[in-house]
Amino acid sequence: MPDFLKLLCLFIWLVQTTSTLHKNRQLQTKPNIILILTDDQDVELGSMAVMPKTLRALRDKGIEFKYGLVSTPICCPSRTSILTGLYVHNHHVTTNNNNCSGVDWRNIYEKTTFATVLKEGGYLTSYFGKYLNEYEGSYVPPGYDYWMGLVGNSRYYNYTLNFNGEKVKHGFDYGKDYFTDNIANETIKFINNHIHSNSPKPFLSVLSFPSPHGPEDPAPQYSTLFPDNDSHRTASWNYAPNPDKQWLLQRTGKMEPVHVVFTNMLAKRRLQTLQSVDDAVQNLINNLRDLNILQNTYIIYSSDHGYHLGQFGLLKGKNMPFEFDIKVPFFIRGPGLEKNISINEIVSNIDIAPTIIDMAGLKIPKNMDGRSIMELVKLKQMNVSTTNKWRQTLLIERGKMAKLYKIKTRFLQQKDTFTKALVLDVQCVKPEYSYPCKNGQKWNCQKDAESKRWKVLKCRKQIEIGDGNCQCDNKGRRVKRLSPKIDDLLNNWEDEFIWDNKSDGANNDWYQGMMKEKRNVKGKEMITEIARDVLCLNVDHSYCESEYGKKIHKLKRKLNKVREDRRRLRNQRKCQCLKENRHPLVSHTLHFSNITSIPKSFKTFQKKGNNHECNVPQMNCFTHDSTHWKTEPKWPVDYGQFCFCQNTNNNTYWCLRTKNETSNFLYCEFITGFISYYDISIDPNQVSIQKLNLHLISLL
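Take the position in the sequence shown, starting the count at 1, then add 11; the result is the number in our numbering.
Only pairs whose alpha carbons sit at most 30 Å apart, straight line, appear in this in silico DSS-like list of lysine-lysine:
#1 Lys-64 x Lys-77
#2 Lys-122 x Lys-374
#3 Lys-122 x Lys-178
In short, the hints are calculated from the structure, not lab data.
Using the sequences provided together with the hints, build the complete structure.
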């Protein structure tokens, strides 16, 4: 009996040992996975061109995805999508504010990230760098064995970390505190310790760099680079104003000279910060090679969204659905992947989580909206068409989704007021509005040779004051003709001002930037005229009326006088005649009276201590001055300060970004009802909205 028990114990021990060895062998064969994230890194403005080490390590030794797009160009919502594989409308983190790292995130979605899946699957997991904008550092998120998370938003100096549950403060010493370098160094230390411990577990490491996000502090050795950089000056740079685009761009003019200087300096500082990321990637690759684990390690490189610097007159920021804000760098290298190839299908931030889980050989949760990019790579390696096997369209969204209706119904309701240009394109080709005027014709359309826009004019010589229904005996009396100046004003006022009045925003009075330029004939030089800049400041920072507002008020007074004269003349007549027809091509909702004066509640600057806070209701504005950048290159004191509004609450939208063999376009619906369509195959810089037809919309 004792011998039997001994044999039984030996058998159980052998089974357990064999099982453990088998499990360890399985873990040892699984790949290591590294995710490298930057913050606000663009593709369209040329940021990757100054990162040769990263390009050699990841593009030349791996796969470049030419259409890496984010499903939302906002920091916290995009990062939440990266962690969970969900669209914004499914994880409900819509802003960088309250719901970023809020209760729902902590209780629900944070428990189902790719990190929690990999930890349960036997991986040693680690995170280094920026987490979420509102992460306050009071806890270590679930799913991580090793944690070095930044408290709050991106910084390079003077920051606080949650380091494995303890808060650690850093100062302003480059050698000890520069955050980009610390992320790389701590990651390498973690990997070295893990490999030298002979643990069979594969590892996951996330490196989340602050670069090139503000305050854009470069390392001292890189602070003089790129003095003449102009890569950010794309075709849409300073292309303004844009009356065919959404509300904010309709009201943003060309940049003032100080704004141009600012975008140049900001572009330079951003590229300088990326030099430290370039070094970090090279050091990480070299370390993996020295440890002999590079060949069994997947590396993904991307960013949370792109950026704009002067595009369409917007000084800086993200939040727009255009390519410069949604297109990001996207590289993958690793075991079994081809080298130095590019893929043109759409991949997205929502694909990162399922891709990492798939790389680990684990089951992808069914609730994830994204797909594993490894599926796409395999299709490409087998030369299989991706038309019916991979997405052709990605949803781009900003803000909380409103109740949806059938797209055809919405389009039919909106097409008549889509834009004035669209209405005129339809109406002005009709014979009854042709030029020259015919007998009885009251309106005619003429296309401006330079702008290619229709103008609607009255056929004054063809209009009879009376008609068959009027029995008045005029006895030679006619309504006196107005002066030529006022007559010309009546001919053109609607066409001149109706476009500016037709907006999809609640406040029609706000403008910024330089709305037009005119030539000084005497001096033969260009003089900038700020025609509609309500961010107009006196010495004491009080509000001063814009030139545009003065012109509107003057015009309104003239029009009111004309109306009074007409009313007086009509009242003098003893019979009732038919009134003159109203402009037939302009929506009845567009009245000149809607252009009101600037409300008294509008405040451009509020004094707060010794600082000046830029404040416009329902808008996201910032003030820039010499106190903003603490490191070289700094903003000179004699350049002064300025205020600029870079986003607005009505810039909420839902877009379809389609890219396939036959189509390449962006279609957007804004919460205001505004619709835009860009055919990127013919207009890659999205300078002009293209015509939209119902057939195309029905296909969507």
